[in-house]
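Fit chain W to the supplied structure of chain L, relying on the hints for placement.
Here the protein sequences line up with chains L and W, keeping their order.
Numbering that gives the first Met the number 0 puts the first sequence at residues 0 to 175.
Numbering that gives the first Met the number 0 puts the second sequence at residues 0 to 490.
For the record, the hints were derived by calculation from the structure and aren't laboratory data.
Everything numeric in this text was worked out from a predicted model, so none of it was measured.
Quick reminder that beta carbons are idealized off the backbone N, C-alpha and C, glycines included.
Hints are supplied without guarantee of correctness; some may be wrong.
[Unchecked claim] One side only, chain L facing chain W, incomplete, derived with CB under 7 Å:
| no. | residue |
| --- | --- |
| 1 | T41 |
| 2 | V57 |
| 3 | Y83 |
| 4 | V118 |
| 5 | S122 |
| 6 | Y132 |
| 7 | E152 |
Chain by chain, the residues run as shown.
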Amino acid sequence: MTTQEKNLLLAVFEDIDPAAHAVDSLRALGVADAQVTVISGTPITEAMMGRKPQWSNVARFALGGAAAGMGLGIFLAFGTPSLYPVYVGGQPLIPVPPTIVVLFETTMLVMLISTFLGVFLDSRFPNFTPMEYVPEISDGRIALLIECAPELEKKVEAAMQTQGAESIRRAQAEVV
Amino acid sequence: MTVSAKALAQVHPEAHEHDHEAELRKEHLMLDPKPRGEMNALVMEAMLTTSWKFWAVAGLMALVTVVGLFGMWGYSISEGMYTASVNRPMYWSYFLVHTVFWIGISHAGTFVSALLRVFRAEFRRPFTRAAELMTTFALAQAGIHIFAHMGRVWLAYWMFPIPTQRLIWPNLHSPLMWDFLAINTYLLSSTMYLFLPLIPDLAMARDRSTGWRKSVYRVLALGFRGTESEWTHLRIALNIFAFAILPVMFSVHTIVSWDFAAAMRPGWSSTIFGPYFVVGALQSGVSAVAMVVITVRATMKNMTYFVRPEHFDALGKLMLIISMAWAYFFFNDYMVQWYGGDSFTDSLLHFHEAGPGGWVWFLMLITNILVPWLVLWNKQWRRNPWILFTVGLLANVGMWAERFIIVPVSLQINRVPFMWGHGVKIFRETFPYVSVEIPIFIGSVAFFVLLYMLASKFIPLVPVWEVQEGQMAHSIRRYGKEPVITVAELE
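Chain L with its partners taken away, still in its complex shape:
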């Protein structure tokens, strides 16, 4: 375990309400929203914590994947028979109904793979480097990871205590 030297504080709360109030207190102290990360074992929405929605590129990855998948389908359905034309039983070289099947399946396949990889890329998975985390979070606690200026640290600690934080610690890597 290595202790982080940054001014990172991890305040752990038992419930959503005090954590949401703590976010307000941090704002009042001048800590920007971008310097606070909410960590929880259950998906609590940004609205519950009174914060702006998170930016995500996952939908864009999905769209890009769909376009790439369509391209792959076009290559397989139109390109491969054109590369080496084999006429079978008087059938057209590129019949419409099977082409629809090929285009649909490749579009969906690459779209879903891109969505999956999008989660990895956006979340920076896998990430096995030391993390600011405590295992109690997966037991239902809610943590605020706060990056603050050194001169604010005492005030932030006091504010978190006032809001009912169970523990406040310098953020450490506790997942080993």
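What follows is chain W alone, placed relative to chain L:
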């Protein structure tokens, strides 16, 4: 005459309300929350507690898998395809019955998880993973039967879209390549759909394990912490998957049905085969989910908290509705061809119910229609795990019978009259000494059970975070004196 008078029992309205509320909490998992740490402990204990009975059953399944599946498959590879009942005119035979059967089972995971997620059916939450696991493992079994049917399985790569030495590409317009694309798309999609919601539970398992398990979960959890952004990406991805995987699911079995329907032969060439196959898949799949959920509840520790009679009730209703839909499609397909009066089709339909496999045709109707309709309308019977399990098992027998009717029975009166009935004769006269298909199928069932058993000891079978999310959204609200369940929109 003696007249005795008793005071009427005092009904205290408040006590009645509390009773009602307590009943609601006992009935509905979503209204009976436990602290998250406690739920985690329940799931971990279920995963880590293993009795000798578990290993005995697992050992038996492993033995049946090795002998039945891999042994007989190896035997057919070494001896040749004559060991199977694949012969003219029944070239698809039982291998295709079993392929379609397993693909049907695989539809359960997507249906229960994705469709019910889209419609926000809350009862799905504790057993979505159990259903999703079925999809992946059932598709693996379907693939095994396709490979076994190939004979020269080492040449399977010929199906991949790569050109041969003569630079001829596989004909991607061939119906069998549609299957290749559709089944692989579904297998990859459903595996990813299984893994994504598993990540937070793997992180939970990582936080609560020691030793080699911790090392493995640490790798599999990918460093998930539960930050807002991680949840946001996961939520968006799961929504995309839930909506996108449904058409993929429909496409898979529709395309499997087109393998038959695109052929110009009586009994198969039907415009309704696509939806008929999809509904049939749901019939067997949802029944299999019910069987798995009941088994998990009965055999794994602490599962009585997560799986309750309300879930049996909901699954029973689904099974009943799907059984009705299957009956509708079956008779719709049957009626038109019957009334059409084509003599070849008449011969085939008559052969179905009065040929050598006629008893299978009646078995199909009894187990797919009669039994569910007679039993599942009754709420008490639906909620009884033994009854529901039996109905589910019979429905799967019925769906196997349906595929048996469609593939070997229909194929064996193809074209040359002297071969009619050949397939059933081969099966009767040679089983179990020569035909490898049935031992391979039994082996694949054992392999499916074995994979499931091992998975139940390795991954959290209940998606705890999804259950907790559901519990956060549910509450009891009073309208006058009546406590009623309300569900909040959290997303």
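Exercise for review: Taking the numbered hints from earlier one at a time, note which ones the structure violates and give those numbers from smallest to largest.
Suggested key: 7
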